[in-house]
Amino acid sequence: DTGVSQDPRHKITKRGQNVTFRCDPISEHNRLYWYRQTLGQGPEFLTYFQNEAQLEKSRLLSDRFSAERPKGSFSTLEIQRTEQGDSAMYLCASSFRAWHSDTGELFFGEGSRLTVL
Amino acid sequence: KQEVTQIPAALSVPEGENLVLNCSFTDSAIYNLQWFRQDPGKGLTSLLLIQSSQREQTSGRLNASLDKSSGRSTLYIAASQPGDSATYLCAVPSSGTYKYIFGTGTRLKVLA
Numbered sequence: 001d002t003g004v005s006q007d008p009r010h011k012i013t014k015r016g017q018n019v020t021f022r023c024d025p026i027s028e029h030n031r032l033y034w035y036r037q038t039l040g041q042g043p044e045f046l047t048y049f050q051n052e053a054q055l056e057k058s059r060l061l062s063d064r065f066s067a068e069r070p071k072g073s074f075s076t077l078e079i080q081r082t083e084q085g086d087s088a089m090y091l092c093a094s095s096f097r098a099w100h101s102d103t104g105e106l107f108f109g110e111g112s113r114l115t116v117l
Numbered sequence: 118k119q120e121v122t123q124i125p126a127a128l129s130v131p132e133g134e135n136l137v138l139n140c141s142f143t144d145s146a147i148y149n150l151q152w153f154r155q156d157p158g159k160g161l162t163s164l165l166l167i168q169s170s171q172r173e174q175t176s177g178r179l180n181a182s183l184d185k186s187s188g189r190s191t192l193y194i195a196a197s198q199p200g201d202s203a204t205y206l207c208a209v210p211s212s213g214t215y216k217y218i219f220g221t222g223t224r225l226k227v228l229a
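From first to last, the protein sequence lines are chains A and B.
Numbering follows the working numbering, with no gaps: position 89 of the first sequence is 89.
Position in the second sequence (from 1) plus 117 gives the number in the working numbering.
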């Protein structure tokens, strides 16, 4: 399978614990996105990377959230001191941006569902 | 600030009907628009990507059109089937950035 891969698919944790999600994008894709989705809503942008550079972060991303893409390949999203309001589906997407083009089709993974008790 | 609206929020139709889903956006300076399908508890599956220079794109029973000047896109589904039941989302880039803004989706149910 050469699609976007996310791990774990489900995570249940207690309030105050730290959690980390991993995303492996499609191998040749240089852009990687993190989104958060709650029930009945569309995905909300969190952050995105061009190669290893984090180019934009949403105001939704509080100090408790951090994302990395150390070698421009896989990415991790860490949430520290989780709160019940962090319960959501965390979605990763990747795309390829050619030097001559702004466009690139987004491909999503299956998501990581977080439940904070 | 880019805002995306999808109408209707939910739709229930008998099998075989042709149907149209609508997506409107506030900032017409976009370089593409993408339609996705989402099944319950799953990730998003890309259906169609329309570049800003295109007016429409087709894939099988799906046809998407784009009118940048009016800030609208439509997704046309021909001869709907129960397997088409899902939430359909559209996404456009936010002004001057490469982040995508999503609508809240149209929840479609096709009855056998």
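Please keep in mind that the hints were generated in silico from the structure rather than gathered at the bench.
By construction, the Cβ of each residue, glycine as well, lies at the ideal position given by its N, Cα and C atoms.
Watch out, some of these pointers could steer you wrong.
[To be verified] Taking beta-carbon pairs under 7 Å as the criterion, some of the chain A residues facing chain B (in silico):
{"#": "1", "residue": "G3"}
{"#": "2", "residue": "D7"}
{"#": "3", "residue": "P8"}
{"#": "4", "residue": "T38"}
{"#": "5", "residue": "Y48"}
{"#": "6", "residue": "A53"}
{"#": "7", "residue": "E110"}
[What the hints assert, rightly or not] Derived Cβ-Cβ restraints for the label pairs, each shown as a range:
{"#": "8", "chain 1": "A", "residue 1": "P8", "chain 2": "B", "residue 2": "T162", "range": "14 to 24 Å"}
{"#": "9", "chain 1": "A", "residue 1": "E83", "chain 2": "B", "residue 2": "A126", "range": "39 to 49 Å"}
{"#": "10", "chain 1": "A", "residue 1": "E68", "chain 2": "B", "residue 2": "S186", "range": "39 to 49 Å"}
{"#": "11", "chain 1": "A", "residue 1": "L60", "chain 2": "B", "residue 2": "G200", "range": "32 to 42 Å"}
{"#": "12", "chain 1": "A", "residue 1": "H10", "chain 2": "B", "residue 2": "A126", "range": "23 to 33 Å"}
{"#": "13", "chain 1": "A", "residue 1": "N18", "chain 2": "B", "residue 2": "L228", "range": "37 to 47 Å"}
{"#": "14", "chain 1": "A", "residue 1": "Q80", "chain 2": "B", "residue 2": "S186", "range": "29 to 39 Å"}
{"#": "15", "chain 1": "A", "residue 1": "Q17", "chain 2": "B", "residue 2": "D156", "range": "25 to 35 Å"}
Indices of hints not satisfied (ascending)
Failing hints, ascending: 1, 2, 3, 4, 6, 9 and 14.
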